[in-house]
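Peer 1: Here are the chains, one letter per residue:
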Amino acid sequence: MNPMPAIVPIAILGAGSTVVYLVARVAPRRTSLLAALTASIMAAALGALLSSGPPNRVPSIVSPGEALFLEPGGCLIASTALVLGTIVALYSARYLALDRHPDRYFPLLLLMLAGTVGATLASDLFTLYLFVVLTNGASYVLVAFRRETETAIEAGFKYAITGTMGSMFLLAGIALVFRDTGSLSLPMPAAAPGTGHQLGLGLITFGLLVKAAVFPAHTWLPDAHGRAPSSISALLSGIIVPLHIYLLVKLAMALHAPQPALGWLLTALGAGSLIAGNVLALRQSYGKRLLGYSTIAQVGYMCLAFGLGMALGQPEPIAAGFLLLVGHALLKGLAFLAKGSLHLYYGATTLNDLTDLGRRAPLASGLLSAALLGLAGMPPLPGFAGKFALLWAIAGLDSRAAYAVAALFLLGSLVSLGYYLPLIGRLLHRAPQTAPGHRHSRWIHLPMVGLAALTLLLGVWPWPVWRMALEAARFLGGW
Amino acid sequence: MTGPWAPGLVLAPALLLVASAAVLLRPGSARRAGALSLLAVLLSALPLTAAWVGRRCDVILWAPGTAEPGGTALALRLDGLSIPFVANLFAVSLLAFWYALGYLERVRRPEWCYSLLLVFVASMLGGLLADDLLLFLVSWEAMLLASALLLVGWGEGPRASAVTLRYFIYSQGGSLLLIAAMAWLAHTSGSTQPEAAFRAIRHQPLPVLQSLGAMLFVGFAVKMAIVPVHGWLPDAHAIAPMPVTILLAGAMLAMGAYGMLRFALLGLGPAALMPLQAPLMALGLVSQVYGAWQSLGQRDLKRFIAYSSVSQMGYVLFGIAALSSAGASASVHHILGHGLVKSLLFMAAGVVIASTSRRRMSGMAAIGRLLPVPALSLSIGLAATAGFPPLLGFHTEWRLLLAGLEAGHPLLAAGAFAAPVATLAYALVLVARMMECPAHEPPAPVAAPRPMRVSTGLALALVLLAGFLGGPLGRWIADLLPEMEAVL
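Chains Y and A are the protein sequences, given in the same order.
Throughout the first sequence, residue numbering follows my numbering, covering 1 to 479 in sequence.
Throughout the second sequence, residue numbering follows my numbering, covering 1 to 488 in sequence.
Fair warning: there could be bad hints in the mix.
Now the in silico label distances, taken between C-beta atoms and shown as ranges [to be verified]:
id	chain 1	residue 1	chain 2	residue 2	range
1	Y	A453	A	R108	29 to 39 Å
2	Y	A453	A	A461	45 to 55 Å
3	Y	W463	A	R108	16 to 26 Å
4	A	V18	Y	S51	36 to 46 Å
5	A	R109	Y	P258	54 to 64 Å
Covered stretches of chain A (chain Y as the covering partner; in silico rule of three or more C-beta atoms under 8 Å from a C-beta of chain Y) [said to hold, decoys possible]:
id	region
6	149-161
7	175-184
Just so you know, these hints were derived from the structure itself, not from any lab.
For each residue, glycine too, the CB sits at the ideal point set by N, CA and C.
Put together the whole structure using the sequences plus the hints.
Peer 2: Here you go:
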């Protein structure tokens, strides 16, 4: 059987977005219908992506070379994004029931994922830039989706400013690389000797680091992810932010960046993110901001893994980074969705609001607690697999710096208990008198339970993903 | 799969887990849940007893990822080292679950409490039986999670969540060291089967093995509550409901010792660990004396007994640090004795607290007259801890001191002779308190629930029996460790 061209999933998502928009114009209040439609479009795109299978090249129609190239790492990340997106779309059916503009939400969701899938598949710098901007543009609007509130507007504005700044640097970097090499294709045949290429690489790195909220450019993330609707935060924290780390690694390999130098830089910044995220999260009193800071720390872990792999030229830490990324996507998605349902039914925003919800909303609280414990690295959830894989990979690096990184990583995950556990403690804490719990919609619970089941499966059975991650790391290393 | 009764290894933890789900089916009834849990503990001991007849057996249930780098297998095994620990776990669990029938009579959400207690026991059993590094780590974390949930959900007093947080962070600090050590081991050896992994790394340079040994020792020392990392123990033992305290003190502390013996001593071998010997012995000594000293000053009965555990685990570490088969079998013997004695002490203390509603040391006056049997149990338990001749502690402390003397650090061994004296000091504090005649006659005690009193009587009988049979018991343990002889 011939593999399906890699463009098909992007085309499905893009066309789907138009279809959903048109349906929404006809039936603007049918949120459930729109959600079901969006979810099935994403599922179809996922099916197309999996049946296209790496490696898969799509020739470009505007320039010599190819526009899309599906490599194993991209396939892994794009499928994670689509799985999470499908679940988020289903969850939004009820979650958005009270919101006014489902007709904008669902098409934007599809566009955001089309951008994500496109950016992972792009094998041409300009295509990559377009898809990154598409993802980001859709997510700015989605962060400010509840535009009736000032906080949402403020968060969206902040996010748009920093994000656009990142895009500008990315574009300037791409321009410089193009000036020196005369080529946009990925991977480049060879590095150009000029300083323009190096400077361009620096600008690309800087732009992507800002978008990935890596320390010291992490400050926008808690605002944006703390204020966006929880379903959107789940996607932003889960996949969109880590996507940029993956793009950075992919571009560094494809553009022949001086890998040890960039790897150590990424490691150092990852260490900074880990410390900043974990320490600042300790002082948060809003649940979603806390989750945002936890994302900063987790992105720090991924930077450590990818950075060490690049610095020492080993595929195993990079594979561990992929495993961490996928595990984090599912766990953080679950945490945001569960937190969102507590907000929907009980108006819980601060940690104090969570008091005694363990009794009133046992399923959502249980899933939130499980997701947090998974993020802290407790088995049998994927956080543990990722942690073990990273330590396992570091054990194979004969480098003192790598051991220091491992120590910092362990210390960070110990400190992270200092904010995950009190949050769980709040949920379990008994108030002297409480109202009984509300009845939860099945359509809030089912997507969360499905995501939890997938997460558990990945934790217990990480081998297929681990195999793909190793393949992806070896593939990137071969560029 | 070897050994005719190897399937029993799978059956026992599975039975406990099935029971933990089954108690949830009928919420509300403490009596029913308790009876079912006790039955599950008794029944799950049977297949293990049968497997023990086959002496050493192992079973690989499922080996999904062994072809992968860092692959793992769901493998269980029962051998000479784990048999005494499994026996200890079941003896302590039997006492704790029987006692719980009375103690948890009016607890809220009893079905969840019993369910978690069963998961707690199953996870400890899983840790003892695991023949795979990852399976061991998963059981280890499950043990932490189950116990933390029991503490936060059913802890007594307003500080339950703060104490649980501290307990969790201490334990997880230890676990992280273990995860790092085992990840290193798995990568360097290319195997997650402990025996094969350790055989494969024997040729590594000594400093590498020593740092691995140090990580393992420190990681397990947290679970054993050795002195600089003991901070979680007194609070956790004080707030936990009594059956949980019994399991924490009698069975979970032993898990730390088991890990040290299995992974550090047996795995890396004494030759590699020699440079760690003096610091470890010194730490053991410090724990012995510091725990005893802290016990002297406690005002709360449960904290008093809890600090005695710190001291007792110091003895165990001292024995392990001798790095000899004599030291190892003496410390296993001491662990067995400690499990029974500590259960007896906490059970009797629980009876006293339930009868008088007093738990401060100053309230213990006249207990000897008002509650003669619990007071006698406490006194016998303390005497056994202090090593009075026909009782448990005498044999084991004697053998521990001998092992220490043979280890070649005469100064440290001489210091260890001070520890029983310190133990005696705090033992006498409580005994004397219970004999005091207060100025005002305290109110008459009420009768504690019957299962609590009966199970305390059983614990007393077991402690006396194990004391009188100290010699045969010690020989049994020494005979069970032929693999250790081979390694050491």
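Peer 1: Look at each hint and say if it fits the structure.
Peer 2: Results for each hint:
1. Y:A453 x A:R108: 29 to 39 Å: 30 Å, holds
2. Y:A453 x A:A461: 45 to 55 Å: About 49 Å separates the Cβ atoms of A453 (chain Y) and A461 (chain A), which means 45 to 55 Å holds.
3. Y:W463 x A:R108: 16 to 26 Å: Given range 16 to 26 Å: violated, Cβ gap about 42 Å.
4. A:V18 x Y:S51: 36 to 46 Å: 41 Å, holds
5. A:R109 x Y:P258: 54 to 64 Å: About 60 Å separates the Cβ atoms of R109 (chain A) and P258 (chain Y), which means 54 to 64 Å holds.
6. 149-161: holds (count 3)
7. 175-184: holds (count 6)
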